[in-house]
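K.L.:
Now for the letters of each chain:
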Amino acid sequence: MNKIFNPNKSKIYFDQYLFISISLLSIMGLLFLYSASQGNTETIIKQSLFVVFGLILMFVLSQPDPDFYKNNALFFLILSIILIFLTMLFGKEVNGAQRWLDLGFFTLQASEIIKIALPVFLAAYLYDKPLPINLFQTFITLVLILTIVNLIRVQPDLGTSLVILVAGLYILFLAGLSWRFIGISFGIFILSLPFIWNNFLEPFQRQRILTLLDPSADPYGSGWNITQSKIAIGSGGLEGKGYQMGSQAHLDFLPETETDFIFSVIAEEFGFIGVCILVSLFIFILLRCLYLALNARDRFCRLTIGGLSLLFISTVFINLAMVVGIIPVVGMPLPFISKGGSSLLSFYIAFGIIISMATHKKLMQR
Amino acid sequence: MIDLKERYSEKKHFFRRLILICTFFGALFLYLLFKTFSLQISSYTDYELAALKNKTREVLIQPRRGIIYDRTGEIIVNNVPSYNLILNPSQITDLNNLLLEIQTIINLNDSDILYVKENFKIRSKLNRELILKRNLTKEEIARFEVRKYRFPNSYIAERYSRENLFPYLFSHSVGYVGNLNDDSLQEILSLQDLSLKETIFKYSNGFLSGKTGIENVYDQELRGFFGKKIYEVDASGRLLKEIDTIPAIDGKDIHTSLDLKSQQVAFRELKNRRGSVVAVDISDGAIVTYLSSPSFSVNKIANGLSQNDFNELIEDKNKPFFDRAAQGRYSPASTIKPAIGLFGLENNIIDWDFTIDDPGYFELPEDGRIYRGWKKGGHGKINLQDAIIESSNTFFFSLAYKSEIEELIKHLSYFGFGRNVCLDCFLPDNGLLPNPAWKMNTLNFGWFKGDTVNLGVGQGYMSATPLQLAYYSAFIANKGALNKFSFVQDDKTLPKDVFYSGNIDDKDWEKIHKSMIGVIEQPKGTAGRLRELKDYIIAAKSGTVELVSTDTKEDYKIIREEEAKRDHAIIVAFGPMPNPKYAVSVVIENGESGGSVAGPVAIEVLNSLLDYE
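Heads up: the sequence lines are chains A and B, in that order.
Quick note on my numbering: the first sequence kicks off at 959 and runs consecutively.
Quick note on my numbering: the second sequence kicks off at 15 and runs consecutively.
These are computed hints drawn from the structure, not numbers from a lab.
A portion of the hints provided could be inaccurate.
To be verified - Once the Cα atoms are required to be at most 27 Å apart in a straight line, the calculated DSSO-like pairs of lysine-lysine come out as: (1) A:1319 - B:506; (2) A:1087 - B:25; (3) A:1087 - B:26; (4) B:26 - A:1319.
Unchecked claim - If we take Cβ atoms under 10 Å as the criterion, some of the chain B residues that face chain A in the derived model are: (5) 42; (6) 51; (7) 570.
Said to hold, decoys possible - Which bits of chain B does chain A cover? Going by a derived footprint, with three or more residues having C-beta under 8 Å, they are: (8) 30-37; (9) 63-74; (10) 246-252; (11) 331-338.
Virtual Cβ for every residue (Gly too), placed ideally from N, Cα, C.
Taking the hints into account, I'd like the entire structure generated from these sequences.
P.N.:
Shown next, in the form of structure tokens:
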């Protein structure tokens, strides 16, 4: 198909803005991680391999025509659901959570795959439905979203399930969910909060929410992480303490410096200036994606780009909001920065798909 | 296929929703940046401090306590080093093996090993030292030192213990140290803006503070100032590196005016009888001899006493803990007579030529009550000088009878009675100088003329401590001017008490001295037996404190069957005359005779102080 629509046979699908900003983030991420891991070269080498592999993967995934993703969306979704079930059956348990599937060479976090597959599927499903979508389709999609969200939640992985939930909702929202429906659902949600609190949250999750409200209640126990994170960030000041000079990070006061709390390390060592630069970069990527979504060739592409980019920015926001103490502590890595396998790769995959959606044009449209 | 118009409207719809989402995230990120701003910029100082507090750990360094010297530079209390074997657990991989190896050269008992094994892990984790064995013997130290190379992670460190080199001589004057409770420690540390924390000890016994005597009164000077080491620590509290050291400032050495030699003499002469010896340098009020007997070993107290030993001390009926010199209350008895005589002169009630006829008793005109003298038949016609020499009670009864009580009290307080005469004594008692108001308030009885009469011979309600008696003696020796007593003179200006008088001049003082010399030197003197004990002239006044009032010698013989009812023996003395240097007071409980029992002790102490031994 490419050949038909493109005069240039060897056309390369590529968005330099996204590619450069993501590469920049990845390189910065490696530097940050080097500091956060106390100069652990093994970690850095592993992470570098993931970054290089991820960038290549992103490039490769941006080459197929969006139709490829549209046509295979259901397959990908089913595949990832199977992976989720496999994880539930054979998964490796770490810290009381069963989230990883050991593939020998790689431990796969299936929830990271379904995080991509679900929005793509939803976009594909809604591709040819008349807009705004009717109640039946809304119901079908909501049931699908909530089912998958619940599968992830019981692992338990509240963070990822939350991100999947909002990503699904973004798609529905962008697809033109009626305001009345949104209003009523929101009302029901608020009313059912006590029920959710009592039945859907694990005790430790409840504790985390309570801790957010008053970390000083137990500063050496449940409040330790957030207290130390705030000290790290606050003591960074305007200019930061300097690269690898963060005492909070380097003397082990900060927990999970390589993953969830890597932003605290950055804020401690690079200060408010560093924070602003990093946040600008994330915002730039979001705006570029939304611009691309607006100019994408069809509804499937628009919804996919919108859904995936909002998934991305939600992940960023949840991570940052968590470490500065706006929301409770949930396991949530900072995209392209935190150490990780599946979670890191998932965003290269997402952006590969985004670039594919954005760069493939239909002749008809011109 | 969807037509173009529909496509356009859908796109517009999509755009509007995107704008909404952008606004939503714009708001979220603005809030996030605001929150970060408030952490990093607005509350920066708080968090910077918090981070600093996180990563630093202060460890206190205990200062070395000052040494206490006598006036000749002899050390009384010293810090005696003891040696402990210390391990550095964080560097040790095989503890059991190390312990086995050390056991081949140093004898370890089970409790040492148990302690080390129990604490090894945590100490290792925190990078702290661990004491394996305290108080190594010289042989153990030698055996370890030659094999030191085999034990790179263990070493011998010096720790002090506080030791009084003359533990029985200075029990009450120098006192002893003990452990600090947390509250007092907190108080001490807060003076230096420090808080209670881990400490590098210089003493095996930990925190020390003076509990009694000079150790207590000069605690602050002796103590010094805590230093501190500031370490960088990680979250688990492990010491990583030393950032800064503020060295401890060792306590000041204290040079007291105490005289070891005279102290030894006093101790020897008292022979553990219940009593007290206080001697002072009259030129500056420096206390040179200070003994309360019986005494106890301060080292035993300071270094931990078994409950049995402690109970024994507490239950001892001779009350070794009781500081008789500063807290024992005794009637001054006849020793008061020179002061009463001076009152008579000052107020023109008598002069040196005034005489009375002493029939051996004084009859109170109001009610005919009889106040007896010690000598049956009396002293006959007698003047002030002889009344002092022979210790005529009648003379002073009648003199006191003519005295106005409030005036007399005021007069006596000049001589140190009823008030604190010492600047740095530990908990001195003020004794009791009674007056009508006191009697009314405490005994609910009005003041009788007879009370004043009794005061004339130092009996009745009045009581004084040996310290006050020594002061009284020195005050007369120095002719009515005296520095307040002290153990440490250094560079402080000592306050001076001066007796301002309209009628008493130098001649009167000399006559008083002469009278008191007569107590020993005159054949009629009450302490004539002391004459042979010395090669120089001493002024003195002895006293015998009646614990039970008896009218006849026969009655006394009955009551003296019980030792506790026997009279106390008291003497105040000063010399050498005519230019006295030292004044002394000696009290021996139930010693019966001031002149012949307390007197020799006073003479021996003066001999020692004046190098006449």
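K.L.:
Would you mind marking each hint as holding or not holding in the structure?
P.N.:
Hint check results:
Between residue 1319 of chain A and residue 506 of chain B the CA atoms are separated by roughly 100 Å; this puts the pair beyond 27 Å, and the hint is violated. Taking the CA atoms of residue 1087 of chain A and residue 25 of chain B, the gap is near 15 Å; set against the 27 Å cutoff, the hint holds. Simply put, residue 1087 of chain A and residue 26 of chain B have alpha-carbon atoms about 17 Å apart, close enough for the 27 Å limit, and the pair holds. Between the alpha carbons of residue 26 of chain B and residue 1319 of chain A the distance comes to roughly 19 Å, so the proposed pair stays at or under 27 Å and holds.
Interface restraint check for residue 42 of chain B: the shortest CB-CB distance to chain A comes to about 6 Å, inside 10 Å, so the restraint holds. Annotation: interface hint on residue 51 of chain B holds; nearest CB of chain A at approximately 6 Å, less than 10 Å. With a least beta-carbon distance of about 76 Å to chain A, the hint placing residue 570 of chain B at the interface is violated under the 10 Å criterion. For the stretch 30-37 of chain B, the assignment as covered by chain A holds, since 4 residues bring a beta-carbon within under 8 Å of that chain's beta-carbons and 3 suffice.
Requiring three or more residues with a Cβ within less than 8 Å of a Cβ of chain A, the coverage given for the stretch 63-74 of chain B holds, as 5 such residues are present. Counting residues of the stretch 246-252 of chain B whose beta carbon lies closer than 8 Å to any beta carbon of chain A gives 5, which meets the minimum of three for the stated coverage. Given as covered by chain A, the stretch 331-338 of chain B fails the check, having 0 residues with a CB less than 8 Å from a CB of that chain where 3 are the minimum.
Checked against the numbered hints given earlier, this structure breaks hints 1, 7 and 11; the rest are met.
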